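Engineer: Take a look at the letters that make up each chain.
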Amino acid sequence: MGIFGNFFKKIKYAFTKNELNDDFYDELEQTLISSDMGVITSEDIIEEFRAEVKKRMIKDVDNAQKVLREILIDKLKFDEVEFSYPMIITVVGVNGVGKTTSIAKMANYFSKLKKNVMLVAGDTFRAAATEQLDEWATRLKLKIVKQGEGADSASVVFDGISSMKAKKADVLIVDTAGRLHTKVNLMKELEKINNVAHREYPEAKHLNFIVLDASIGQNSLAQVEAFKQSVDIDGIILTKLDGTAKGGVAYPIVKELNVPIVFTGFGETINDLSKFNVEEFVDKILM
Amino acid sequence: MALFQGLGERLNHIFSKLTKRGKLTELEIKEAMREVRVALLEADVNFMVVKKFIATVSEKAVGEEILKSLTPAQQVIKIVRDELTTLMGGENVKLEVSPKPPTVIMMCGLQGSGKTTLSGKLALSLKKQGKKPLLVACDVYRPAAIDQLKVLGKSINIDVFERGTDNPVKTSREAIKYAEKYMLDTVIIDTAGRLQIDEKLMQELKEIKKEINPTEILLVIDSMIGQEAVNVSTAFNDALDVTGVALTKLDGDTRGGVALSVRSVIGKPIKFCSVGEKLTDLEPFHPDRMASRILGMGDILTLIDKAQEAVDEKQVKEMERKFRENSFTFNDYIAQMDNLNKMGGLKSVLSMLPGIGGKIKQLEESIDEKMLARNKAIIQSMTEKERENPDIINGSRRNRIAKGAGVQVSDVNQLIKQFNQSKEMMKQLKNNKRGGMANLMRMMKG
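Here the protein sequences line up with chains A and B, keeping their order.
No gaps in the numbering here: position 110 of the first sequence is 110 in our numbering, and each next residue is one more.
No gaps in the numbering here: position 265 of the second sequence is 552 in our numbering, and each next residue is one more.
This is chain A alone, in the form it adopts within the complex:
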C-alpha cells in the first residue's frame, strides 16, 4: 500500500551528508500545518522528531518515517473510554459540526450492541432541531423525549431521565443546543443540564462528549477551552473525516483536553461511525 510512504517519496533528497536536510523539515512543517495541526504543535513535533532521529542515529528514510509515525501515534494514544450501563451521554459542540447526526450514529452503534437506547431533544434553541432528532428516532425506531421549541433544556433532560428509569433503558443520549462558545449564558445552560443529570441519576455512568468537525482550524482550541470550563469533557467525536480535511487539529485539542478521540464520523449514512483508529488517522495526515 504505502499510503504513508507518499509524504516521504515527495521529498527526493531528504538526506544530505547523512542528515535530514532543511528542505525535508520545511516540507514536513508544511504537511503538518496543512493538516490544521497549528504552527506551535507542528514545531513541537518536528523538534521531538529531530531529537529522536539524532538520538537513534537514523540515516535512512524508512527508519525516519517509522520514527515520525510513532511520535504522531503516541500523542493520540489513550486508554479507551469505558462504557457501562445505565449510561447518560451528553453531546456538546458548536453549531453545524454534526452533533445531531453523530447522536443518531451513536444511538445506532449502541443499538447494535443490543442496548436499549433513548434520545433526549435538548436542543430547544435552533429552529426544527427537535424535528431533526425526531426524524432520526423514527428511522431508528427509538424512543425520544422532547418538549417544544424554547423549552428549558434542563427540564427536557429531567423528563428524559425519568423516562429512562421507568423504561429501564441502558443508554440515554442528550442533544444540546449548538452554541458559539463565546456566549456565556448558553454555556451556563450546559452546566445546568449536567447538574440535573447527576442529581437525578447519580448511579448511572455520565459522559460528556464534544463533537468537532475535522475541517475546522485553530479556532476550535478556543471552543474546547470554553466548553471545558463549563463541563468535564470525557471524549471527542471527530466528524466529517470523509472530506479531504486531515483533522490535524486533533493534536492541539487532545493535548489541551487530555482526553481521547472516541468516535470518528465519515459519512452521511447511519453506519458511518466507528471507534477511533489512531493508525489510520495518522496515515491520512502523512498521506
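No wet-lab data here; the hints were simulated from the structure.
Do not rely on the hints blindly, as some may be mistaken.
What the hints assert, rightly or not - Here are the in silico distance ranges between beta carbons for each label pair:
| hint | chain 1 | residue 1 | chain 2 | residue 2 | range |
| --- | --- | --- | --- | --- | --- |
| 1 | B | Y465 | A | S162 | 45 to 51 Å |
| 2 | B | K415 | A | F83 | 46 to 52 Å |
| 3 | B | K657 | A | R199 | 23 to 29 Å |
| 4 | A | E70 | B | T373 | 42 to 48 Å |
| 5 | B | K468 | A | E27 | 55 to 61 Å |
| 6 | A | I40 | B | T373 | 24 to 30 Å |
| 7 | A | E191 | B | G693 | 23 to 29 Å |
| 8 | A | D23 | B | K657 | 53 to 59 Å |
| 9 | B | E322 | A | K143 | 52 to 58 Å |
| 10 | A | D152 | B | G693 | 17 to 23 Å |
The structure displayed is predicted, hence computed values, not measured ones.
Yeah, the Cβ is synthetic: ideal placement off N, Cα and C, and Gly gets one too.
Dock chain B against chain A, hints included.
Structural biologist: Relative to chain A, chain B alone:
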C-alpha cells in the same frame, strides 16, 4: 468578543515591539514578519497564502518606502493593513440584481456551514430594503431541513416554497415560476450541504445552475474552517463558477483567516458576513474595515451603519441636546437601551469600538444583559414624573418601585447611582474629549 481579536492582538504586540526601536532594518522586518507569519497561520490563513503575503509585505516594507515614514511601525502597520485589504478584495461588492426579475440567489456549501440560517438572514435583510423575497427549500437530504427553513420563514413572515423531498432541480424551477406569478422579486434557494468531493451531489448543483441560471451563486463558508478552506472553495468554484462568498459564524472569537484564504485563492468577492444568532445579524463585508479590525483598530464604520439603521435622525438630535444640557432622564435611558438592543446589544457595540478590543473579555464578564433587562423593569415601575425628575425619588418611592419591579431596594439604589454616574460621565466627556474613552471604561467597570 471582537471579530479577529486574536490576530489583532498578536499584531499589536508585534508592532509594539517595533515601536520601541528606531528605524527598521531588513533583519528587523524579517523578525517581525516571522511573527506575522505565525499569527496568520494560527488565524487559520492557508499556508500558501501566508507565504505569498509575507513575501509581498516584506518586499514593500524593506527599502525606500519605510525611510519616508514618520514612524517605521506605523508604516509597517499600514503596509500590512493595505495588503490585507487588497488581499480581501479592496471594496465591498454588492449583490447583483437581475434586470429581469426575479433575481435568483443560489446558496451552496458544506454541511453545517450555515446556509439555511444565512438564507433566512439574507431574506430578512432584503425585505427590509423593500424587496419581496421567496425562500426555496431544496435541502432534501438532511432530516428536518425543510422544517427549519419553514420555521425561519414564518418567524420573519417570508414565503417558503417547498415540494417536500422532490427533485431539487424541479423544485427550483417551479419556485421561480411561483415567484413570477406572485410578483416576488428575489428568489433565495437553500440547497443541501455537500462535500466538495461528492461527485453526485456536486452534479446536482450544476444541474440546478443550468436549469435556473442564477444571478448569484453564493458559497457559504464557516469562518471556523481551517486549512481546508482552500480545497473547499476551489472545488465549489471550479464546479459552479460562484459569484461570491458569504462567511458565517464570525461572531465567535474565530480569527477568520478564512477571509484571506478564500478571497485570494478563488478571487471571488466576499459579499456578506454573518455575525450572530439573531436573524438580523448579517453585515455586508467591507475588506478595508475588516483589515482594520484584524489590526485591532476597531470597526467604527460598521457601528455607524448600525446606528443609522437603529436610530432616527430626530431622535439623535434630541439626544444630543439633552446631553448638552445635561437634562437626561430615565425615559431617555430606556430609549437608549432600546436603541442599543436594536444595534445588537451592548456587547456587540462595544466590540466594535477601537481601543476596547483587548479589554472586551473583562468587560464582557461585568456586563450582564439580564441586569439591563432588570434595570428596564425598575424604570418601568417608576411614575412618569419620577422618570422625568429622578431627583424626587425618595426612600418611600424607592420602596414602592422595588416592589413594583420585584427587586430589592438596593437594586433600585444601584440603578439610580449608576444613572447619576452616567450623567457625571457625560459632563466629563463633554469637557474633556481626550481621555474620555478611558474614563468611560473605568466607570463601566466600577
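Engineer: Look at each hint and say if it fits the structure.
Structural biologist: Here is what the structure says about each hint:
1. B:Y465 to A:S162: 45 to 51 Å: Once the Cβ atoms are compared, 46 Å apart, the range 45 to 51 Å for A:S162 and B:Y465 holds.
2. B:K415 to A:F83: 46 to 52 Å: Given about 51 Å between the Cβ atoms, the range holds.
3. B:K657 to A:R199: 23 to 29 Å: Between B:K657 and A:R199, where Cβ atoms are some 24 Å apart, the hint holds.
4. A:E70 to B:T373: 42 to 48 Å: holds, 44 Å
5. B:K468 to A:E27: 55 to 61 Å: holds, 59 Å
6. A:I40 to B:T373: 24 to 30 Å: For B:T373 against A:I40, whose Cβ atoms are near 28 Å apart, the range 24 to 30 Å holds.
7. A:E191 to B:G693: 23 to 29 Å: holds, 25 Å
8. A:D23 to B:K657: 53 to 59 Å: The hint (53 to 59 Å, Cβ to Cβ) holds, given that A:D23 and B:K657 are roughly 58 Å apart.
9. B:E322 to A:K143: 52 to 58 Å: At 55 Å between Cβs, range holds.
10. A:D152 to B:G693: 17 to 23 Å: holds, 20 Å
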